[in-house]
Amino acid sequence: MSFKLSEGALSVILAGGNVDDPVMQILGHKKIAGTSSTTGSDRFRLLVSDGRHLNSFAMLATQLNDKVTSGELSDFTVIQITRYITSMVTNSDKGDKRVMVILDVKILALGTEVGFKIGNPKPITEGTEVETGGLKQPPPSRPVQPRSSTNLVNSSAPVLSSPGSSVNTHPISSLSPYQNKWVIKARVTSKSPVRTWANARGEGKLFSIDLVDESGEIRATAFKEQCDKFYDMIEVNKVYLISRCTLKTANKKFTNIKNDYEMTFTNDTQMIPCHEDTTDIPSLTYNFIPINTLAGLETNALVDLIGVCKSSGEVQSLISRNTNRELKKRDVTLVDESNTSVSLTLWGNQAEEFDGSLQPVLAIKNGRINEFGGGKSVSLMQSSVFQINPDITEAHKLRGWFDNVGSTQEQESLSSRTGMAGGALSSNWMTFKEVQENQLGCGEKPDYFTSVATVLLVRSENSLYKACPTAECNKKVIDQNNGMYRCEKCNREYPNFKYRLLLSVSLGDLSGNQWVTCFQEVAEVVLGTTSQEIGDMFHDDKQFREVFYKAAFKTYTFRLRAKMENYNDENRLKVTVVDAKPLNVQEYNARLITEIKEMAGVGNSAK
DNA sequence: CCCCCCCC
1 MSFKLSEGAL SVILAGGNVD DPVMQILGHK KIAGTSSTTG SDRFRLLVSD
51 GRHLNSFAML ATQLNDKVTS GELSDFTVIQ ITRYITSMVT NSDKGDKRVM
101 VILDVKILAL GTEVGFKIGN PKPITEGTEV ETGGLKQPPP SRPVQPRSST
151 NLVNSSAPVL SSPGSSVNTH PISSLSPYQN KWVIKARVTS KSPVRTWANA
201 RGEGKLFSID LVDESGEIRA TAFKEQCDKF YDMIEVNKVY LISRCTLKTA
251 NKKFTNIKND YEMTFTNDTQ MIPCHEDTTD IPSLTYNFIP INTLAGLETN
301 ALVDLIGVCK SSGEVQSLIS RNTNRELKKR DVTLVDESNT SVSLTLWGNQ
351 AEEFDGSLQP VLAIKNGRIN EFGGGKSVSL MQSSVFQINP DITEAHKLRG
401 WFDNVGSTQE QESLSSRTGM AGGALSSNWM TFKEVQENQL GCGEKPDYFT
451 SVATVLLVRS ENSLYKACPT AECNKKVIDQ NNGMYRCEKC NREYPNFKYR
501 LLLSVSLGDL SGNQWVTCFQ EVAEVVLGTT SQEIGDMFHD DKQFREVFYK
551 AAFKTYTFRL RAKMENYNDE NRLKVTVVDA KPLNVQEYNA RLITEIKEMA
601 GVGNSAK
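Each step along the first sequence adds one to the number in full-length UniProt numbering, with nothing skipped, and position 209 is 209.
Accuracy of the hints is not assured; some may be wrong.
[Claimed, not checked] What follows is a list of derived Cβ distance ranges for each label pair:
hint: 1; residue 1: P495; residue 2: P582; range: 50 to 58 Å
hint: 2; residue 1: N370; residue 2: N349; range: 17 to 25 Å
hint: 3; residue 1: N568; residue 2: N481; range: 29 to 37 Å
hint: 4; residue 1: D541; residue 2: K328; range: 40 to 48 Å
These are calculated hints, taken from the structure and not from any lab test. Bear in mind the structure is a predicted one, so any value in this text is a computation, not a measurement. Just so you know, even glycine gets a beta-carbon here, dropped at the ideal spot from N, CA and C.
Construct the entire structure; sequences and hints are all you get.
Below is the structure:
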């Protein structure tokens with residue numbers, strides 16, 4: 001990067017003249033403690049160079065002090081002084097002197113990026129001639145773009161006015177928040193759907209794209225107006241010329257795109273399709289890691305993976321606990337040359353359309369690590385890229401390994417085996433005493449366990465409520481006593497409602513007892529009837545109570561979820577029934593016999 | 001300015 005300083009600007013300014021937006025280089029700074037007239041805080045004096053002269057009487061406005069402390073105004077930094085004033089001060093031994101107060105600056109290049117003194121500037125001495133040679137016009141006030149080949153650079157930021165023309169572009173890796181004059185030529189490697197949000201800070205919509213060129217990759221996000229303006233125009237795999245986005249520090253928590261920054265579209269953002277030859281722009285870059293290294297990574301970390309889909313499960317349907325919406329998912333098993341396997345979860349259409357029968361190679365960019373039952377798995381997200389049999393060397397290599405070696409080997413699994421009946425990790429059989437001893441539910445996420453237990457008591461009070469009739473909302477409605485029922489969540493009234501159950505049940509097993517909560521579907525199993533029927537008999541107290549009495553002393557295999565909750569500074573284990581199946585006595589006995597044999601060492605010695 | 005991404 002080369003920068004042209006506004007040579008001669010200092011002598012003009014110090015002679016009382018004006019130069020618009022001069023570009024200067026900082027060559028030093030000095031703290032003058034507690035000298036700000038307004039705040040009494042520190043002030044900084046800067047040694048600035050216009051490439052021809054040095055001047056150490058530039059003072060920095062105190063509101064810009066943080067730019068010094070943050071290092072943005074370190075030595076060799078090139079700045080554009082966008083606002084300044086000069087004034088005369090009386091200096092006791094040197095007479096009157098003009099000083100420059102810098103009110104606002106634009107950082108064009110950080111000192112660490114520039115790294116040297118530009119030109120050979122000399123101090124302005126008393127009586128330095130004001131060189132009037134070029135002063136009818138102000139000195140060049142803009143940095144000259146490196147090796148410009150177009151007319152893009154005459155404004156403060158490039159305008160992409162002529163699509164397809166030869167544009168001098170910048171590598172993605174050179175982008176930073178300190179330089180806004182760039183054009184990149186980049187391929188869109190992924191594009192998210194438009195998503196809306198609403199929170200305390202406001203609402204809006206957005207989408208993100210990932211961009212790549214030969215130097216690197218970066219994520220760009222368009223909000224609101226820009227979202228509408230650009231969404232339809234942008235196509236994955238196409239190459240665009242892009243300029244005038246703002247850059248900010250990327251949060252690695254949300255992407256593993258290799259860039260410290262991410263871009264945000266602005267009103268001025270230009271993005272136009274590139275009609276030149278784009279074969280030199282790469283299509284997608286992965287940062288694959290071996291599957292076995294997942295074990296050492298944190299939950300929720302984002303990773304790029306490649307593996308052979310050794311097996312694939314069925315599509316499963318489930319109801320999201322957060323949204324009440326139906327979700328479709330499919331778990332597949334990925335293996336690679338580290339001879340390790342991990343479960344990968346596909347969602348929605350990707351889950352439904354996936355065909356694993358030919359054991360394809362799958363490449364994932366930006367997959368998310370999940371943890372369940374002590375195992376690790378990877379889940380696809382909206383922002384993930386998912387490729388089946390990609391035409392890349394890693395995929396071909398993996399294919400060769402799998403067909404020759406991997407397919408016949410047993411891989412060590414990082415994931416809990418949810419498909420295996422009786423698999424210790426997935427079932428997690430526990431008595432209620434063991435649940436306490438093992439402090440289940442004390443982690444950040446809930447713990448799941450399975451228990452054989454008997455219903456001791458079902459509370460009938462407040463067990464039935466009138467709920468919102470819409471499929472996805474089960475909120476309690478308010479009876480308006482005029483034939484209408486109001487749902488606060490939907491913010492509307494309905495002429496009808498549906499009955500739903502929310503049961504408190506005391507369960508007992510051989511070790512103790514535990515109060516649990518059963519929602520609608522499970523509650524109907526436990527009560528042996530439907531919520532509608534119970535609602536219909538609500539006014540017949542005897543019949544109503546009878547249902548609850550009859551539920552007692554039945555034994556089930558319960559799938560339970562435990563999470564510690566805090567009420568008025570008191571911790572209480574909240575246990576919810578996820579599933580209740582009538583006890584299968586044969587299976588239960590078989591398991592007990594196996595456990596007894598293990599405890600007695602009978603199984604081992606019998607071998 | 002989002003940052004939710006679901007389930008066992």
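To test your reading of the hints: which numbers does this structure violate? Hint check: 1 fails alone, others pass.
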